[in-house]
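Asker: Residues per chain are reported as follows:
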Amino acid sequence: MAVSSKIVVRVEDLHKRYGNEEVLKGVSFAVRQGEALAIIGPSGTGKSTLLRCINRLTEPDRGRIFLEETEITSPHIDINKIRQQIGFVFQDFNLFAHLTALDNVRLGLMKVKGLSKKEATERAMHELARVGLAEKAHAYPAQLSGGQQQRVSIARALAMDPKLMLFDEPTSALDPELIGEVLQVMQHLAEEGMTMIVVTHEMGFARSVCHEVIFMEKGVIVEQGPPDQVFLNPRQPRTRQFLSKISELYGGAR
Amino acid sequence: MTPLCQIFADGSFLRLACDIAPQLLQGLGTTFQLTIFAIGLGLGGGLLLALGRVYGNKPIYWLSTAYVQFIRGTPVLVQIFLIYYGLPVFEIRLDPLTAAIIGLGLNSAAYQAEYFRGAIQSISRGQMLAARALGMTQFQAIWYVILPQALRLVIPPWSNELIYTLKYSSVAYLVAAPELMYTGKIIASSLRGPGAFRHFEVFLIVAFIYLVVVLVLSKTLDLVERRLKIPGLEMR
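Order-wise, the sequence lines are chains A and B.
Read in the working numbering, the first sequence has 179 at position 179, and its numbers run on one by one without any break.
Positions in the second sequence are counted from 1; adding 1000 to them yields the working numbering.
Treat the hints loosely; a few may be bogus.
[What the hints assert, rightly or not] Stretch-level coverage of chain B by chain A, calculated; a stretch enters the list once three of its residues show a Cβ under 8 Å from a Cβ in chain A:
| no. | segment |
| --- | --- |
| 1 | 1030-1036 |
| 2 | 1140-1147 |
[As the list claims (entries may be wrong)] Each pair of labels, with its calculated beta carbon distance range:
| no. | chain 1 | residue 1 | chain 2 | residue 2 | range |
| --- | --- | --- | --- | --- | --- |
| 3 | B | F1070 | A | D13 | 26 to 32 Å |
| 4 | A | S247 | B | D1222 | 54 to 60 Å |
| 5 | B | G1073 | A | G44 | 41 to 47 Å |
| 6 | B | R1125 | A | R17 | 16 to 22 Å |
[Stated by the list, open to error] Below, computed lysine to any residue pairings styled on SDA-like, alpha-carbon distance capped at 25 Å:
| no. | chain 1 | residue 1 | chain 2 | residue 2 |
| --- | --- | --- | --- | --- |
| 7 | A | K81 | A | S48 |
| 8 | A | K81 | B | R1125 |
| 9 | A | K117 | B | P1231 |
| 10 | A | K111 | B | F1013 |
Hints in this document: simulated from the structure, not taken from any laboratory.
Note that the structure is predicted; figures quoted are calculated from it, not measured.
All C-beta atoms, glycine included, are put in the ideal place defined by N, C-alpha and C.
This is chain A alone, in the form it adopts within the complex (with noise of 0.2 Å):
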């Protein structure tokens, strides 16, 4: 599916500081609707601190970020409200542990929602089946295989029916072997349209299903564009250095 032309996440001169180091110096980027868009960089760059900004998870000290028209660092916004529009998947999955795969899917709708059980579950068993999972979904999460809880835990975020998907590093806790299941499920969502942001370290899921990339270190922005242009053209030494440590590390954009 295109990339339409409007602008779903807007960041604008983010900053945030955690005692006296400054994780994100002034991050600044837009994410346009049905757009995937991969944030790449070293470990400690800042990532996982943007990404949770966007949905306040963490408070940003400084700049704003909007969420289609609304500006979702005002003081005055519900930040539940905005939560249930942005999707956000764990790298550690973060599944409810007392609630099977069923009952995780169904409570946000039934407690956030207000969908009655029926419609829950219906709504519910949809999207586990969507991510290959229906039959599993009367196991608790410690009878699951770590790639089939990231899978429940991206239906459970699917069902509140996001605007936006943010996905912190979703396959760095899993077994090499389990990685796949995961990226393809994200690839398919991608396929459909989703406007999402992903953080990973999954090149050749960066370079061949990301529409744009971006490249950060120490808390800015080194270089964005086409995933094209980052992996065969980067214009920064910076990134250069990067992708060919990683390349050495992991054979490359797969």
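Knowing the structure of chain A, use the given hints to seat chain B on it.
Answerer: Coordinates of chain B only, in the frame set by chain A:
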């Protein structure tokens, strides 16, 4: 005395047990009443205190912490005496049973608070984050995600607390609340004639009743724990 007991020989241990059983069981009823209300009061209070210590702002945190420290740092008997003998100074007069229930309940709240706090804090931070990311308020997240897990984890230590409370309820005899221990004491010192001075046997019977109740309770709680068990959810 009940004619039924005449099947046991006069003056035998079983005859004594049989004769005093109705009174003791009545005392046991009061012990149950005392324990149930005290543990209930402690459950509500303990939950609030634990939430105050984990999620409260500074004043709430300090207040709940000070409360827990005070209660855990002073004997339960002093607390009950403060309520029963102390409060009348402020024109608050409570009957012995009510004073004992409040005293034991306020005491248990502090201990339960610590068990709840431990359980809440053992739940990974990601659970709260995931709930908030769905758009839940902090209250919803605590109610639907944190507490259902914490309350399951807390069952084993909480079972101990219930059993302690049942046993400690015997101190209520010192304010003359008519519970099991008090009843035993009254019986032992009221026996006259050739049947007098049987304290050892009377208190042995009292001890036996406590023991049976405690055993039944712990078995039941074990069963509850197994019933509510969820794969992968255990104290780490």
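Asker: Can you confirm whether the C-alpha distance between A:K117 and B:P1231 stays at or below 25 Å?
Answerer: Given that 25 Å is the threshold and the Cα spacing comes to 24 Å, the pair holds.
Asker: At the C-beta level, are B:F1070 and A:D13 separated by a distance inside 26 to 32 Å?
Answerer: 50 Å, violated
Asker: Are at least 3 residues of the segment 1030-1036 of chain B within less than 8 Å of chain A when you compare beta carbons?
Answerer: violated (count 0)
Asker: Does A:K81 pair with B:R1125 here, judged by a C-alpha cut-off of 25 Å?
Answerer: 22 Å, holds
Asker: Apply the coverage criterion to the segment 1140-1147 of chain B and chain A: a residue qualifies when its Cβ sits closer than 8 Å to a Cβ of the chain, and three qualifying residues are needed.
Answerer: holds (count 3)
Asker: Quickly compare the C-alpha distance for A:K111 and B:F1013 to 25 Å and report which way the hint goes.
Answerer: 61 Å, violated
Asker: Using the beta carbons of B:G1073 and A:G44, state whether their distance is inside 41 to 47 Å or not.
Answerer: Given range 41 to 47 Å: holds, Cβ gap about 44 Å.
Asker: Verify the CB-CB distance for A:S247 and B:D1222 against the hinted window 54 to 60 Å.
Answerer: Hint holds: Cβ distance 57 Å, inside 54 to 60 Å.
Asker: If you draw a straight line from the CA of A:K81 to the CA of A:S48, is it 25 Å or shorter?
Answerer: Holds. A:K81 to A:S48 sits at ~22 Å (cutoff 25 Å).
Asker: Using the C-beta atoms of B:R1125 and A:R17, is the stated range 16 to 22 Å upheld?
Answerer: 21 Å, holds
Comparing the model with each numbered hint stated earlier shows that hints 1, 3, 10 do not hold.
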